[in-house]
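Number of protein chains: 2
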Amino acid sequence: MSLAMFLELPDLSAFQFNLVYNMFSFTIATMFAAFVFFVLAQKNLAPKYRVSMMVSALVVLIAGYHYFRIFGSWDMAYALEGGQYVFQEDKPFNDAYRYVDWLLTVPLLVVELVLVLGLPKGESGSLMARLGFAAALMIILGYPGEVSANTGLFETRGLWGFLSSVPFVYILYVLFTELSSTIQRQSGRVAKLLSNARLLLLFTWGFYPIAYMIPMFVEGYPGEAAGAVTTLQVSYTIADVAAKAGYGVLIYAIAKAKSEEEGYVVDEMVKPASAEA
Amino acid sequence: MSLAMFLELPDLSAFQFNLVYNMFSFTIATMFAAFVFFVLAQKNLAPKYRVSMMVSALVVLIAGYHYFRIFGSWDMAYALEGGQYVFQEDKPFNDAYRYVDWLLTVPLLVVELVLVLGLPKGESGSLMARLGFAAALMIILGYPGEVSANTGLFETRGLWGFLSSVPFVYILYVLFTELSSTIQRQSGRVAKLLSNARLLLLFTWGFYPIAYMIPMFVEGYPGEAAGAVTTLQVSYTIADVAAKAGYGVLIYAIAKAKSEEEGYVVDEMVKPASAEA
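Chains as they are written, first to last, in numbering that gives the first Met the number 0: chain A, 0 to 276; chain B, 0 to 276.
The hints are simulated quantities; they were obtained by calculation from the structure and are not laboratory data.
Incorrect hints may have been included.
Any copy, or any two copies together, can satisfy a pair, since identical chains are not distinguished.
[Said to hold, decoys possible] Straight-line alpha carbon distances no greater than 25 Å define the calculated DMTMM-like cross-link-like pairs of lysine to aspartate or glutamate that follow:
#: 1; residue 1: 120; residue 2: 266
#: 2; residue 1: 47; residue 2: 122
#: 3; residue 1: 120; residue 2: 177
#: 4; residue 1: 120; residue 2: 267
#: 5; residue 1: 47; residue 2: 177
#: 6; residue 1: 120; residue 2: 261
#: 7; residue 1: 90; residue 2: 145
#: 8; residue 1: 191; residue 2: 261
#: 9; residue 1: 255; residue 2: 266
#: 10; residue 1: 191; residue 2: 177
#: 11; residue 1: 120; residue 2: 259
#: 12; residue 1: 90; residue 2: 7
#: 13; residue 1: 47; residue 2: 267
#: 14; residue 1: 191; residue 2: 259
#: 15; residue 1: 42; residue 2: 259
#: 16; residue 1: 191; residue 2: 260
#: 17; residue 1: 42; residue 2: 261
#: 18; residue 1: 255; residue 2: 122
Only chain A is shown next, with the shape it has when bound in the complex (with noise of 0.2 Å):
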């Protein structure tokens, strides 16, 4: 296992590079809006919906950030020469950002699902711990084999990306059993919209290791492999923008929809003084 902590990339195709470079910056734009977006959507929600749209936004954030952050290590670890963007040997890209980011970001998405779903104080503490210390783990566990030169399946990355796998599906077993019964107890609308959800995030969360497995079938990978390179790259970059900033949107239709079945109508919540009495 190497310890390096960097990646040696190859060199890229204009295209290759370029395309990598603005999904990069349309992430940070994106993050950056829904950031906004969370913060200013919360005056819509029943009080006690609001704390999970502060978490969607800190999810952003924390994103946007560490986008800002690859962003430039990717800029800084290529230079176009003679029509190629040729890779800097002084300055590899940082791919620990990602997992610096995911270990932030992963268990606050399973407790902005946990918080929308608004539990009995008790059962929702313990919910949130549990699903957010097996998600803080996956991670953990997925770093060892991302950075490792070993990439094959029954190498050091295909060992660690199994074990990252058994808090993954530790969290699907919980997300689609033990929960099933508190989902159905909700109204159809929320119910549907809470289903949803768990789907965006079987989903998009299904979408990692698959990424993940990419440098396992293919030879020369990540030095003398440019279209894997991109491949995993874009790949993990439009996970991540489902799997936070959409979401994130799908969690606050939740809790509107919720909100308005306890009372909390937008149109209700201010209502003009002229239109009292």
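With chain A's structure known, arrange chain B on it following the hints.
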């Protein structure tokens, strides 16, 4: 179609370079100022119209970010040598920022307009989905033409420009047929403001394809067409300021007029304690 995703620009005169440079800086200031205005102005509106200002705020925030990047890229792409701005081959200008910006903001601009109409929920959802999708499609179809080296009317640029205008025509069709009856249902003052917003959208959005067509009629674009490159950048920038910040102010005026009609007069929204009883 070139897949490099960047533009090889010509050397520019000091006037040309600095005109574009200062326009970009002007736009950064305008977009961020507009952002603060749209955030703060929300409290003057009836709650149901606040979300249209929230969306306006997101649009100018995203645009401000991208102009910040565009400004930086423009600055890096040129060096002053002997009174002339010489294009730096190793740091080409990244025009993709514009398209990433438009991909995010143009669908939001139609969403703003639909939100301020205050239609029943089902109607407005379908309208936003259809118009937002058409707007995104319009941007995506324009990009291959923008970065192509074949800039002729009957070449790559012309083809993608034509394809891109199909969804544009659809948007105009919806705005000027389907929405006409909705607009006529409003009070005289609001109906007039809404017609103005629709016209501003037509004129500003119509300005982009005209700018897009400039290279079709200029020999040697972009590498040997300093005047056309300058004109195109200035045109896109003016159009962005009008279509985002200017348009947002108009949406604010509509939201304010509708709020007042519904009894939300600023002077009466918060009463001083001494005025009670």
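Structure-based check of all given hints:
no.: 1; hint: 120 <-> 266; result: between (29 Å within a copy, 13 Å between copies)
no.: 2; hint: 47 <-> 122; result: within (15 Å within a copy, 30 Å between copies)
no.: 3; hint: 120 <-> 177; result: within (16 Å within a copy, 34 Å between copies)
no.: 4; hint: 120 <-> 267; result: between (28 Å within a copy, 16 Å between copies)
no.: 5; hint: 47 <-> 177; result: within (22 Å within a copy, 37 Å between copies)
no.: 6; hint: 120 <-> 261; result: both (18 Å within a copy, 19 Å between copies)
no.: 7; hint: 90 <-> 145; result: within (19 Å within a copy, 31 Å between copies)
no.: 8; hint: 191 <-> 261; result: within (17 Å within a copy, 34 Å between copies)
no.: 9; hint: 255 <-> 266; result: both (13 Å within a copy, 15 Å between copies)
no.: 10; hint: 191 <-> 177; result: within (17 Å within a copy, 31 Å between copies)
no.: 11; hint: 120 <-> 259; result: both (21 Å within a copy, 14 Å between copies)
no.: 12; hint: 90 <-> 7; result: both (10 Å within a copy, 22 Å between copies)
no.: 13; hint: 47 <-> 267; result: both (17 Å within a copy, 9 Å between copies)
no.: 14; hint: 191 <-> 259; result: within (15 Å within a copy, 33 Å between copies)
no.: 15; hint: 42 <-> 259; result: both (13 Å within a copy, 21 Å between copies)
no.: 16; hint: 191 <-> 260; result: within (14 Å within a copy, 36 Å between copies)
no.: 17; hint: 42 <-> 261; result: both (15 Å within a copy, 20 Å between copies)
no.: 18; hint: 255 <-> 122; result: both (22 Å within a copy, 19 Å between copies)
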